[in-house]
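S.K.: The lines below spell out each chain.
2 protein chains.
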Amino acid sequence: MTRPEGEREIIARIRRTAGNCRDLVVGIGDDCAVYKTALNLVSLVTTDTMVEGVHFDLAWHPPVALGRKAASVNISDIAAMGGLPRFALLSLALTPACESRWREAFLAGFLAVLSEHGVVLIGGDTVQSGHEIVLSVTVLGEMAEAELLTRKTARPGDVVLVSGFLGEAAAGLALCRMGLAQEAVWHPLVSAHLDPVPQVALGRVLATSGLVHAMQDLSDGLATDLAHICAESGVGAVVTAEKIPLSPLLCRAAETCGQSPLDWALAGGEDYQLLFTAGEQQLAGLVAMVSKELGCELYPVGRLVEGRGVFLEEAGQGREISYQGYEHFR
Amino acid sequence: MTRPEGEREIIARIRRTAGNCRDLVVGIGDDCAVYKTALNLVSLVTTDTMVEGVHFDLAWHPPVALGRKAASVNISDIAAMGGLPRFALLSLALTPACESRWREAFLAGFLAVLSEHGVVLIGGDTVQSGHEIVLSVTVLGEMAEAELLTRKTARPGDVVLVSGFLGEAAAGLALCRMGLAQEAVWHPLVSAHLDPVPQVALGRVLATSGLVHAMQDLSDGLATDLAHICAESGVGAVVTAEKIPLSPLLCRAAETCGQSPLDWALAGGEDYQLLFTAGEQQLAGLVAMVSKELGCELYPVGRLVEGRGVFLEEAGQGREISYQGYEHFR
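Residue numbers (the numbering used here), protein chains in the order written: chain A, 1 to 330; chain B, 1 to 330.
Errors might be hidden in some of the hints.
Simulated restraints on C-beta separations [as the list claims (entries may be wrong)]:
no., chain 1, residue 1, chain 2, residue 2, range
1, B, Cys21, A, Gly285, 31 to 37 Å
2, B, Leu283, A, Glu145, 41 to 47 Å
3, B, Cys21, A, Ala146, 20 to 26 Å
4, A, Gly295, B, Ala38, 34 to 40 Å
Covered, in the sense of this in silico footprint (three residues per stretch, anywhere, with C-beta under 8 Å from a C-beta of chain A), are these stretches of chain B [stated by the list, open to error]:
no., region
5, 23-33
6, 53-62
7, 103-110
8, 122-133
9, 136-144
10, 150-162
Derived from the structure by calculation, the hints contain no laboratory data.
A virtual CB, placed ideally from N, CA and C, is assigned to each residue, including glycine.
Starting from the given sequences, assemble the full structure and let the hints guide the process.
M.R.: See below:
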């Protein structure tokens with residue numbers, strides 16, 4: 001979800017006023033904060049808060065899937081820098097409506113995702129809330145400092161890649177809102193919204209490859225997330241509309257919902273695929289290595305250029321799309 | 001604040017189901033989780049969530065004090081194990097009522113406490129909430145593994161000590177509720193509730209002294225917090241009512257509010273003083289050292305015994321007070 005102006009302003013203010021120190025490698029403004037621990041090793045830490053009615057709707061989000069998602073979106077931030085997730089903290093502000101069965105299902109989902117990624121729950125907090133469930137998760141990870149992939153180190157001339165189909169989660173959310181979530185045909189899209197999969201293994205392979213220049217995860221949509229990399233690296237980007245990977249099912253859902261599949265891909269957010277850049281000469285080797293090691297495909301969607309801003313090329317026309325959220329594309 | 005049964009049940013369930021792993025030194029159930037980083041060094045991590053209407057009331061909690069408290073209660077958890085706080089993450093779920101001036105004051109208070117303790121804000125999240133402000137803070141600390149003070153290592157025969165007057169924060173809250181917070185005479189008590197002071201320097205001195213067996217901070221009241229140490233260490237405790245340090249101002253406020261000062265001290269919570277145990281033979285040395293290094297007094301309030309439970313001795317009578325919250329003493 002693209003942040004309202006007020007939230008971006010708070011983050012910018014915090015970033016200006018927050019301190020700095022010797023052991024801090026990456027502070028506010030990337031997927032994780034990173035600090036040195038042992039020689040050549042860094043710790044990564046990320047936190048994400050989900051509010052009922054803003055980030056999820058209990059009308060269609062089953063507690064087990066919500067528990068999975070609360071873990072996955074944080075683990076995705078570790079994956080986004082190439083790290084190995086290790087430990088999690090879970091803070092629950094629960095309303096009186098969260099009965100014992102709901103809590104157990106939520107916790108089962110949360111712990112299942114941790115277990116899938118070898119992450120251990122080591123602490124947290126449980127408090128009452130009057131009106132809204134608020135879930136705050138913190139995940140700690142680790143990696144070699146030399147392999148760290150930030151948003152700051154993209155270079156003009158780089159190819160921009162994504163790790164999978166985009167817009168799937170936005171389509172799933174639209175289908176949930178239209179009351180179509182129960183139709184079996186839409187399951188992959190609905191699942192992309194309710195239970196996204198963090199790309200930990202791919203993040204590790206990309207980080208250890210030495211072939212990637214900058215990386216983050218796609219949480220706010222390509223238009224916003226690529227603008228982050230561009231702003232942090234001091235480069236511009238040109239994305240080619242025809243190259244953005246859209247699944248046939250997404251296009252079918254877009255027809256059903258009366259939406260544009262491309263708008264979902266650019267501005268929908270919450271896909272939790274990886275977005276990264278690499279030198280053109282390393283591209284073939286990178287694609288071949290990932291295909292061999294993980295059997296998955298990578299999708300080049302554009303290139304980085306000198307300058308600033310994110311431009312979309314569509315049918316020979318170009319337009320600026322930096323930071324544009326869903327509302328801008330309608 | 002003493003947790004309702006439902007919250008304790010969730011924590012117990014999480015503790016049973018959460019995993020364990022090689023590098024984890026202390027998991028769920030102490031002030032912080034602790035894991036090994038470098039040789040002989042451990043990282044500490046703690047998180048605390050505060051909900052509007054449950055943990056604070058905007059009617060009397062100014063935003064700058066609330067920002068300070070959100071930082072202090074987490075830093076106190078690091079102090080409670082003897083650690084050095086290093087980094088903080090701040091997650092804000094803010095309602096539309098939180099205007100720019102409110103946010104700035106909150107943030108100024110939060111950052112001021114971090115700065116007082118050399119802690120650096122390295123990340124967080126800012127989201128919208130419909131009805132309630134929810135503040136989740138995570139603080140990371142570090143220390144030598146050998147100096148770590150947990151709740152598990154108290155021994156029968158130990159003296160139980162606290163680091164300052166108890167019940168002050170509970171009295172301050174009662175005065176706020178009665179609309180008396182503006183009267184200058186009550187300022188120290190009101191301040192104890194609105195802006196508690198984490199005992200970081202004392203925690204470090206106690207941890208490095210090698211004379212302390214077990215420690216935690218007083219967040220839920222002596223009756224509950226000492227019961228935690230007893231349960232984790234497999235011992236019992238006898239507290240002597242007459243030895244509990246009560247300030248003259250507290251006794252005066254108790255008269256004004258029609259409350260018992262001892263009940264506030266035992267069950268009020270949120271004092272954020274340190275509660276710790278030490279061998280009787282080391283007591284004089286410990287008290288002298290703390291007096292010399294920090295100029296502050298320590299108060300022996302009881303002793304640990306074989307067995308289980310926390311007993312209060314008052315005027316020759318004993319009664320079990322383990323885990324008793326405010327409601328049990330009225």
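S.K.: Per the coverage rule (Cβ-Cβ under 8 Å, at least three residues), is the region 150-162 of chain B covered by chain A?
M.R.: violated (count 0)
S.K.: Given the hint of 20 to 26 Å, is the C-beta distance from Cys21 of chain B to Ala146 of chain A inside that range or not?
M.R.: 25 Å, holds
S.K.: Is the listed coverage of the region 122-133 of chain B by chain A valid when you require three or more residues with a beta carbon under 8 Å from a beta carbon of that chain?
M.R.: With 11 residues in contact (Cβ-Cβ under 8 Å with chain A), the coverage given for the region 122-133 of chain B holds.
S.K.: If I claimed the Cβ atoms of Leu283 of chain B and Glu145 of chain A lie 41 to 47 Å apart, would that claim hold in this structure?
M.R.: Given range 41 to 47 Å: holds, Cβ gap about 46 Å.
S.K.: Counting residues of the region 103-110 of chain B whose CB is closer than 8 Å to a CB in chain A, do you get three or more?
M.R.: Contact hint for the region 103-110 of chain B vs chain A: holds, 3 residues under 8 Å.
S.K.: That 34 to 40 Å hint for Gly295 of chain A and Ala38 of chain B (C-beta), does it hold up?
M.R.: 37 Å, holds
S.K.: Count the residues of the region 23-33 of chain B whose Cβ falls closer than 8 Å to any Cβ of chain A, and tell me whether that reaches three.
M.R.: Check passed, 6 qualifying residues.
S.K.: State whether the coverage of the region 53-62 of chain B by chain A holds or is violated, taking the criterion as 3 or more residues with Cβ-Cβ distances under 8 Å.
M.R.: holds (count 3)
S.K.: Range hint 31 to 37 Å: satisfied by the CB atoms of Cys21 of chain B and Gly285 of chain A?
M.R.: Because 35 Å falls inside the window, the suggested range holds.
S.K.: Tell me if chain A covers the region 136-144 of chain B under the three-residue, 8 Å CB rule, please?
M.R.: holds (count 3)
Violated hints amount to a single one, hint 10; each of the other numbered hints is respected by the structure.
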